[in-house]
Amino acid sequence: MADAIQAAPAPHSQPTTWAGRFFDSDVWASFKRSKLTMAAAFLTLLFVAAALLAGLVAPQDPFDPAQLDLLNSRLPPLWDAEGQAPFLLGTDEQGRDILSAILYGLRISLAVGFLGVAFSATLGIGLGLVAGYMGGTTDAVIMRIADVQLTFPAILIALLVDGVVKSVLGGQLDGVTTLSVLVFSIGLSFWVQYARTVRGSVMVEKNKDYIAAARLIGLPAPVIMLRHVLPNVLGPVLVIATINLALAIITEATLSFLGTGMPETMPSLGTLIRIGNNYLFSGEWWIIAFPGVALALLVLAINLLGDWLRDALNPKLR
Amino acid sequence: MTEHSYVEVNDLRRLFDVSKPWLNRMLEGGERQYLKAVDGVSFDIARGETFALVGESGSGKSTVARMVVGLLPPTSGTVAIDGVSMTSAAASAERQRLRRRIQMIFQDPYASLNPRWQVDRIVAEPIRAFRLIETERDIASRVGELLSLVGLHPADGGKYPHEFSGGQRQRIAIARALASNAEFIVCDEPTSALDVSVQAQILNLMRDLQDRLGLTYLFISHNLAVVRHMASRIGVMYLGRIVEISNGRELFARPKHPYTRMLLDAVPDVGMTGRQRIPVRGEIPNPINPPSGCTFNPRCPFANDRCRMEIPPLLGGVACHAIHEGRLAVDAAA
Amino acid sequence: MPQPVLSVRDLRVEFVTRRGILKAIDGISFDIAKGEVLGVVGESGAGKSVTGSAVIGLIDPPGRIAGGEILLSGKRIDNLPPEEMRRVRGKRIGMIFQDPLTSLNPLYRVSEQLIETIRTHTNLSASAARKRAIDLLAEVGIPAPERRIDSYPHEFSGGMRQRVVIALALCAEPELIIADEPTTALDVSVQAQIIALLKRLGREHGTAIMLVTHDMGVIAETADRVAVMYAGRIAEIGPVREVVQNPLHPYAKGLMGAIPSLETDAERLVQIPGSMPRLSAIPPGCAFNPRCPFVFDRCRVERPEPIQHSEHRVACHLYDQSSVRSEAVA
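Heads up: the protein sequence lines correspond to chains A, B and C, in order.
So for the first sequence, the working numbering puts the first residue at 43; every next one is plus one.
So for the second sequence, the working numbering puts the first residue at 585; every next one is plus one.
So for the third sequence, the working numbering puts the first residue at 1230; every next one is plus one.
Hints listed in this document are in silico derivations from the structure and should not be mistaken for laboratory results.
There may be inaccurate statements among the hints.
[Stated by the list, open to error] 27 Å max Cα-Cα, derived BS3-like pairs, lysine-lysine: (1) 1252/C - 74/A; (2) 1304/C - 1360/C; (3) 250/A - 743/B; (4) 604/B - 77/A.
[Said to hold, decoys possible] Just the calculated beta-carbon pair ranges, DEER-fashion: (5) 268/A - 888/B: 58 to 68 Å; (6) 673/B - 276/A: 44 to 54 Å; (7) 186/A - 1312/C: 51 to 61 Å; (8) 264/A - 716/B: 15 to 25 Å; (9) 875/B - 1338/C: 41 to 51 Å; (10) 886/B - 1330/C: 29 to 39 Å; (11) 594/B - 276/A: 52 to 62 Å; (12) 630/B - 1413/C: 30 to 40 Å; (13) 1468/C - 268/A: 20 to 30 Å; (14) 327/A - 746/B: 16 to 26 Å; (15) 280/A - 630/B: 51 to 61 Å; (16) 245/A - 765/B: 32 to 42 Å; (17) 742/B - 1338/C: 50 to 60 Å.
Glycine is no exception: its CB is placed at the ideal position from the N, C-alpha and C atoms.
Please model the complete structure; the sequences and the hints are all you need to start from.
Structural data, given as structure tokens:
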């Protein structure tokens, strides 16, 4: 019975550590091949770092009214003849340094984005997993709800949630509550995509024999779903999550632009753009331009990452 | 037949609902449609024996396998293993205890192992699920033992399934099946995804393990030569029914049912270079709409009116009117 | 000796990957004569399908033909421009694949596909082409062809579909047919019918057939000669009866012994230890040496070239007269 299985030499010895596996993988190789993806990743990291380190880097805390001086209001960027130090990118009508506001706003935009994606992904993956694995009536009910949900645009749902919360809690909300409302409404509008994708993958995976082997030893359904099915359906979810991160940031910006998002005392990128919009025609272009450019670059970089990830994880395109 | 066989399968039936969705049926009309995947299958397996079910695609052999291990509930009929019913609700506590003793080996070794798990975790899963061994260190040494038993190296436990060839993965699947000290293993086409030289390794391994551990096999395959090599008794399935059941040597030396005869003639065999075949007629009909009477009648050279009306019972190991009536001699085939 | 229909000389096919160049085919040579069926047998990864693809010019990047030549009736075809190769492929080489659905367009009726193919390669009128299509369907054993010809591919059963594909491959009266696992997806009872059909067509039309399969039984039933491939090389080639009943190469011996038979009883099957090396890890010397029971020093350093031994050509040092151990096995 002892065959010389070991005699067949292992082809290309496999690294054993997690990091070793990653740097040996095709995904990493395809990353190294694409200059554009590397630039996008660098830009995304730069934005995240800037947001995290805003407190250290920014010349001013724009959320602290004590640091604002109305005398400094509406100053042009530094390179303009009327520009003043330390306001590199100029100031807005409250005397807020635009650069600092962008850095702090980035923090809010990214926080809403990441939390919104986390919330919608958790909701969507959970429901998709249950729908796909259970099938039958459970599946039909969950997926019909998803279908109905899809007929409402994300913005509409967000506006609806915002309206309901405001009417329950009273007109003005503080920063943290607004943030939670944004995360909740964005999460609620994006879960369908995760649910559908996960459900599709689950239906494929659950018919594979490794699931049958797990059922054979009498493991209960929730254990099989979490231990066996879930890890094998996360690939496509990662792609959706990346692309949805950009979408969530844009949705937040849109809501803030429309005035239902972050308040002016705690501006996100969208709020800054709304404020700037009022001054666009009076010549103070910098108030809207710089937050706008920051938002566009951030979303573009994340989207490029998402596109690359989709191709890299799709074996058919390799 | 003994009074109490190790595995007793009695009149097993399974329908699959293949109707269009409810909304379509309401709007477009049309009845519910059922596919009779398995239709009245009965057999026994003695302890330590290998019983094989052989048949072409759509014969229902894999469905029988899944019902026997309890992965699929039968529409009607019973399965009892060592006296415990796999089908009645009353025996569910006993059945839970029985589970440890029944395992399955699947056809596709690429789909039967969780691709994200390391091999030692895969093999240890049944041990942990049934709480057979307490400490982690003892589990690890048992897993190493199992891997050596199937011809792998204990150090292979740290690898992932994709690092192994098809044959090696099938060895891992066998190690997992043995992990819970199973006695009865259902093998669903265990070698049909493998190359011949690897198939030989796996078949030899399965026979060695049977000799050493006294295993009982239900062996499902479409390959007659493999079945002949492995099984002591064989049931031939056609469109959800067993058409002939007999011990291995007998089946190949003196096939009775016209379908068995045709199948044996059709197998390309290495030893028969240049042999002229008896031409095979027709293909397997659509199982949603099987022919009336004996399902083989449209392809059978001996069919008469009775064959087209009446389903033949399995008598004397064969379900064929022509043989029961004496129209077809049993020794006629070569 | 008449000119062979297909002649492959020292063919090499490589795949360029980021881990280096993989040699899928490493110097193989064989001929197929008019009306002859050459079986190419081997386990997965042996390079048998790649050989078929190379002959019909369907090696896609990152693969490439790295050396050698392929001659069709004496003319080189491996260096033809893609446009010309496409014409050769339809007209002079027919193809049959494992899954008949890959060769048939599901959106068109069988009649349209057959007639279009016939008219591309001949100058028959539409009605004459239709008549020829019906004749072809009748020839491959499709009952009531004048009625079935206007069906769509999905309306045929698996075996019937493979017959349609064979009819399609015959449309232009090709000199050579490459059949890559033509019966693997079919049930045993249908498989037998397709084998018989292929054999008859080769005989009646004088078409040379290259039959690529992993199933030794199919080869034994169908082929005149057989090439046993291992790790991108031909281990042994010879008349089918000779190779099946009296294989010389240790790998061929093991392969034949590993097949369970309907005739003989063996307690244990012959088993070759280990498995075929991956392309990235082909051992030096003879690629089979780590699994070979008769291995000796020379096998580990020097690659055996094919040598004639009675009716076989075998790539094994055991049969080299200058080898010390040659008597040990014979």
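Results for each hint:
{"no.": "1", "hint": "1252/C - 74/A", "result": "26 Å, holds"}
{"no.": "2", "hint": "1304/C - 1360/C", "result": "33 Å, violated"}
{"no.": "3", "hint": "250/A - 743/B", "result": "21 Å, holds"}
{"no.": "4", "hint": "604/B - 77/A", "result": "50 Å, violated"}
{"no.": "5", "hint": "268/A - 888/B: 58 to 68 Å", "result": "59 Å, holds"}
{"no.": "6", "hint": "673/B - 276/A: 44 to 54 Å", "result": "37 Å, violated"}
{"no.": "7", "hint": "186/A - 1312/C: 51 to 61 Å", "result": "53 Å, holds"}
{"no.": "8", "hint": "264/A - 716/B: 15 to 25 Å", "result": "22 Å, holds"}
{"no.": "9", "hint": "875/B - 1338/C: 41 to 51 Å", "result": "28 Å, violated"}
{"no.": "10", "hint": "886/B - 1330/C: 29 to 39 Å", "result": "35 Å, holds"}
{"no.": "11", "hint": "594/B - 276/A: 52 to 62 Å", "result": "44 Å, violated"}
{"no.": "12", "hint": "630/B - 1413/C: 30 to 40 Å", "result": "35 Å, holds"}
{"no.": "13", "hint": "1468/C - 268/A: 20 to 30 Å", "result": "60 Å, violated"}
{"no.": "14", "hint": "327/A - 746/B: 16 to 26 Å", "result": "56 Å, violated"}
{"no.": "15", "hint": "280/A - 630/B: 51 to 61 Å", "result": "52 Å, holds"}
{"no.": "16", "hint": "245/A - 765/B: 32 to 42 Å", "result": "34 Å, holds"}
{"no.": "17", "hint": "742/B - 1338/C: 50 to 60 Å", "result": "56 Å, holds"}
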